[in-house]
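Enquirer: Residue-level listing of the chains:
2 protein chains.
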Amino acid sequence: MNIVVAGFGTVGQSFAQLLLSHKELLKKAYGLVVKVVAAVDSKGAAVSQRGLDLELVLKYKREHGTVAKVPSAGCEMGLTEVIQGVEADVLVEATHTNLTNGEPGMTHIIKALQLGLNVVTVNKGPLALAMPMLKEMAEHRRLALKFSGTVGGGLPVLAFAKECVKGDRAVKVEGILNGTTNYILTRMEEGLKFEDALAEAQEKGYAERDPTLDISGMDTACKLVILANEVLGKRVTLRDVRVEGITKIKPEDIGMAKSLGKAVRLLGVAEESEVFVKPLAIDQSDPLAVKYNYNAVALTLENSGRHTITGKGAGGRETATAIIRDLISIKERLVMT
Amino acid sequence: MNIVVAGFGTVGQSFAQLLLSHKELLKKAYGLVVKVVAAVDSKGAAVSQRGLDLELVLKYKREHGTVAKVPSAGCEMGLTEVIQGVEADVLVEATHTNLTNGEPGMTHIIKALQLGLNVVTVNKGPLALAMPMLKEMAEHRRLALKFSGTVGGGLPVLAFAKECVKGDRAVKVEGILNGTTNYILTRMEEGLKFEDALAEAQEKGYAERDPTLDISGMDTACKLVILANEVLGKRVTLRDVRVEGITKIKPEDIGMAKSLGKAVRLLGVAEESEVFVKPLAIDQSDPLAVKYNYNAVALTLENSGRHTITGKGAGGRETATAIIRDLISIKERLVMT
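First to last, the sequence lines map onto chains C and E. In this text, residue positions in the first sequence follow our numbering: the first is 31, and each later residue adds one. In this text, residue positions in the second sequence follow our numbering: the first is 31, and each later residue adds one.
Bound-form chain C, shown alone (with noise of 0.2 Å):
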């Protein structure tokens, strides 16, 4: 399987040395056998249609801080020009989340399908602001567009939710969908104000330097969209959601909540009449009233009840293995066509 990959960060990365280390076990356990054909970062690419000597591009990325400087395969082409040059299966989209208009990923996610690339994002941009016509464009053209790390990074939120509908149908969807607001409203529970426990999230990487999209609400909106169209069938975007974030919540808040038995969290819910992200006190013997930085969705079934799925969210070896997962389908979708 040919594959570029777009965005080399951390997620970008993770995933490079991922498929280094694991490469046997792929082959072996899914007879996945993965040839990098590019990797592109902001400042270039590296090219090789033999495949990439993925420890070289590591190097070079970690010492130059960026591919374009590998020894005969890096350039300065961008991803559009790259994946008109390369046979390539599959597009792996990583770059960063952008709400105002999903660019860069937006246009290498349509480029890729207009070319005939299945893709894997594991940016949430495009999908929030397009995912209706992201989703037909694919489909339209029997490719596949998968984006498990989008939501719940390593946690197989979506694969989870996929299976409980089978013979079933969801009506509800409610998740703790962001790990950084979640230690942010649990350290508060425990005392701390909410910069002091802000800065301790931002201490323990959990939060980025700028948390905006985090306590805003926004990246939570962000998975709910994803969510909402893919487990509900509902076509929404981003703005179809009303936000509230968490910097209005006060300790005071919290504290009347903890005396109630209640627990204040940061929570997206999706049903049949509306869509929204609001903090709630929820009972403290909720499964979804997780601790710290862990995320949580719970499903509604028609037939067979509430079922929850918890465990730590997103981090970039979490996100890289979500990208292999979503490969590993792929892969069984070739060979069935």
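Hints are computed from structural coordinates only; laboratory data are not their basis. Just so you know, even glycine gets a beta-carbon here, dropped at the ideal spot from N, CA and C. Treat each hint with caution, since some may be false.
[To be verified] Sample of chain C residues lacking proximity to chain E, with all beta carbon distances greater than 12 Å (derived):
hint: 1; residue: Arg92
hint: 2; residue: Tyr324
hint: 3; residue: Thr340
[As the list claims (entries may be wrong)] Below 25 Å or equal to it, Euclidean Cα-Cα: the simulated PhoX-like pairs (lysine-lysine) are:
hint: 4; chain 1: E; residue 1: Lys53; chain 2: C; residue 2: Lys264
hint: 5; chain 1: C; residue 1: Lys288; chain 2: E; residue 2: Lys223
hint: 6; chain 1: E; residue 1: Lys321; chain 2: E; residue 2: Lys223
hint: 7; chain 1: E; residue 1: Lys280; chain 2: E; residue 2: Lys223
Keeping the supplied structure of chain C fixed, place chain E upon it in accordance with the hints.
Expert: Chain E only, in chain C's frame:
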């Protein structure tokens, strides 16, 4: 897809009802058209190569206690005679659990595999006693052997685990796998005596009239064997599991645990070195510390940490939903090959 149903008790009947009520949905969403060519119970069978009228079969089972009385289809044959006489793709094995020798399910499954039928079983007995052997038989003949309904009922524990381990490796499985014992332990936490909690579980229909399998820990052990084989790749049977039930637990033990912020739960644990069932005091904040008749399974992965899935366990309708899930995946497999 032609199906033979062995065992027509609560689960078998729920399955027939689900096929009736979801006929159009299954066809539309999954291309799955199911024809039940035979249903067998302990007193005989109803057989029709053109497909049984399930409304009629359900009516006769209800009114006469056996499918053998169905006009023009009823007869006194047993399963092994029936499957030699009909053309079928799948055996759905839903007879009662027997942990002494696995019969009659054991013979049903072996015969079906020998005759080239795929198998979906919700009967744990044969798997608990001989899972490595049965899996080998099926693999050798390139037939499917599916058993989603044996663990977690409607909660897709096995599919979840299978998805988690793609591109990763499971090192430990822990679970609350029996709703009856969990209900009893939760009620004891709330002040009831063991006997009263058990009586209440029976009243609510969670516990069987003979609750021995539940409270002895054997039901948990069966499910643990299935998880250990399927998720950890261990070749184990019921003999390899050290089993302790909940009959010796005193109210004081539970009170003491509670005062320490812990909850006593009957856990099944499988890891590299050992496989055991035992009541353990776990943190109340552990995602496994579910209440009442909930089930929970935690999977520890090498790369992405500990993932947990929780939801209500078995019930006729939930388990029947699991059969449908298995049939859908067999359908996808038939299309593939």
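Enquirer: Of all the hints given earlier, name the ones this structure violates by number, lowest first.
Expert: 2, 3 and 5
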